[in-house]
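Visitor: Using the sequences and the hints given, assemble the complete structure.
Counting from 0, one number per residue, gives the positions in the sequence shown under numbering that gives the first Met the number 0.
Calculated from the structure, these hints are not laboratory results. You can trust all of the hints, since none of them are fake.
Computed cross-link-like contacts, SDA-like style, restricted to lysine to any residue with a CA-CA straight-line distance of at most 20 Å:
1) 218 with 132
2) 218 with 125
3) 218 with 16
4) 218 with 20
5) 218 with 129
6) 218 with 121
7) 218 with 128
8) 218 with 22
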Amino acid sequence: MIQIVEHTPREGPYAIGTALEAAGLPLRVCRTWAGDPVPETTDGLAALVVMGGPMAAYADFPSRTVELALLRAALEAEVPVLGVCLGAQLLAVAAGGTARPGTGAQIGWGDVRTAAAAPPADPLFAGAPGRLRVLHWHHDTMDLPAEAILLASCDRYPVQAFRIGRSAWGTQFHLEVDEPAVEAFAGAFPEEAATAPGLLESAPTEPAALARHRDDIFKRFAAFVADRSEQTTTRAFFTRRAATWEDRFTDDGPRYAAAVGRMGLRPGQRVLDLGCGTGRALPALRAHVGVDGVVSGADLTPAMLRAALREGRDADGQLLLADACRLPLRTGAVDAVFSAGLINHVPDPAAALRAWARVTTPDGVLLLFHPSGRAERAARHGRPLDPDDLTAEENLTPRPAGGRPAHRGLRGRPAPLPGTRDPHPHPRLSTPPAGPDTHPAFCTAGARSATIGDMIRRPHHAPAPAGARGRRRFRPEAPCRAHPDRKAEPCR
0 MIQIVEHTPR EGPYAIGTAL EAAGLPLRVC RTWAGDPVPE TTDGLAALVV MGGPMAAYAD
60 FPSRTVELAL LRAALEAEVP VLGVCLGAQL LAVAAGGTAR PGTGAQIGWG DVRTAAAAPP
120 ADPLFAGAPG RLRVLHWHHD TMDLPAEAIL LASCDRYPVQ AFRIGRSAWG TQFHLEVDEP
180 AVEAFAGAFP EEAATAPGLL ESAPTEPAAL ARHRDDIFKR FAAFVADRSE QTTTRAFFTR
240 RAATWEDRFT DDGPRYAAAV GRMGLRPGQR VLDLGCGTGR ALPALRAHVG VDGVVSGADL
300 TPAMLRAALR EGRDADGQLL LADACRLPLR TGAVDAVFSA GLINHVPDPA AALRAWARVT
360 TPDGVLLLFH PSGRAERAAR HGRPLDPDDL TAEENLTPRP AGGRPAHRGL RGRPAPLPGT
420 RDPHPHPRLS TPPAGPDTHP AFCTAGARSA TIGDMIRRPH HAPAPAGARG RRRFRPEAPC
480 RAHPDRKAEP CR
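Guide: Have a look at this one:
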């Protein structure tokens with residue numbers, strides 16, 4: 000769901016909404032001018048768009064406090080954000096910047112420069128020309144926080160477009176307008192429109208000249224949102240709950256330890272906890288593989304990893320910020336994968352299982368675990384048991400050719416899952432596609448001698464060093480090998 004926040008009847012999303020709808024993304028509009036309440040959480044949001052209005056971002060208005068809270072929550076959960084005019088100023092304030100009165104009104108069509116400001120890899124402005132002729136309509140301006148990246152500028156008001164982090168953009172100007180939008184603005188604010196000679200006369204021509212670049216930028220935003228919508232909603236769900244996760248499930252520790260005990264791990268092995276959350280399984284995993292083993296926990300949600308740090312779980316293994324469905328690890332990097340509840344949150348379970356099988360050795364172990372039984376969870380959510388559930392026992396055993404699953408019971412080593420591992424000793428598994436920004440930068444914490452340095456995927460021309468098995472450190476200052484231009488990010 001794309002949440003759009005409007006402040007006046009005439010300042011709608013226009014071309015932004017058109018691009019999002021064309022990408023098949025559902026929209027939900029909050030009309031604060033009509034008394035609609037602003038959502039208090041980012042639960043279920045794939046993106047947040049905050050439009051303009053006549054209010055001042057530095058002065059109080061009825062929805063200001065809750066909008067700033069929603070923007071801060073979106074920034075923390077990396078929900079894609081697009082702020083326009085007032086929305087851009089609120090975004091800057093939410094990120095730690097300031098909004099303030101400008102030196103006078105800037106209304107009408109004018110140029111902004113992008114070539115010197117926007118980095119070539121910016122997901123939205125990468126294809127923009129060196130100059131854009133856009134519609135300005137504002138009195139105020141803003142000072143950006145230190146980490147913001149300036150994307151467009153002009154002499155009078157230098158902050159015209161910017162990015163916060165990897166997924167939040169603000170534009171001081173109105174890139175979204177078409178001819179009806181210009182006429183609507185002029186009708187809503189006639190005195191201001193009168194200060195811009197030729198504004199209405201140029202309404203048919205100026206937006207038409209801008210349309211190609213306008214539509215390209217918003218198409219890029221829609222694609223950016225659509226490509227990661229499942230990950231975004233999952234991250235938003237867990238971010239809000241991370242701080243109290245341990246308190247809510249205080250009795251699960253023994254269940255995690257018992258599940259780990261069934262994996263048959265041996266000292267010195269390498270094990271990965273996928274969707275590790277606050278790292279509850281890490282102490283038990285470390286106990287089984289010993290000090291010479293490698294224990295790593297990967298999670299998509301930074302807030303969960305920060306909670307794991309607070310619990311001291313980095314003492315038992317490294318914490319990695321990574322998408323479990325696009326693991327930047329080399330094939331056969333680990334001897335075992337532990338996954339608690341994650342299979343119920345991935346968009347394509349079969350593809351996820353293939354990805355997990357790829358990074359596991361041919362004779363490795365995959366354990367799917369949930370601290371609550373299937374029947375208990377089904378009753379909790381008021382739904383019947385699903386025979387196609389991948390965690391159903393009959394789906395966790397090998398399937399003979401042309402027959403039903405062969406039940407091996409629950410004793411002995413866990414069996415491979417159907418469709419994820421060839422019964423032959425050396426399975427041929429496809430590698431998930433990789434591309435720009437396919438997976439987040441790594442995040443590491445802890446300082447044990449056994450680390451994942453030799454587990455990270457390497458180019459074909461750079462084989463793993465001989466004898467490097469579990470003793471190499473993953474260095475925070477080293478670039479991620481999946482993205483050589485990206486530094487690893489410490490988990491704070």
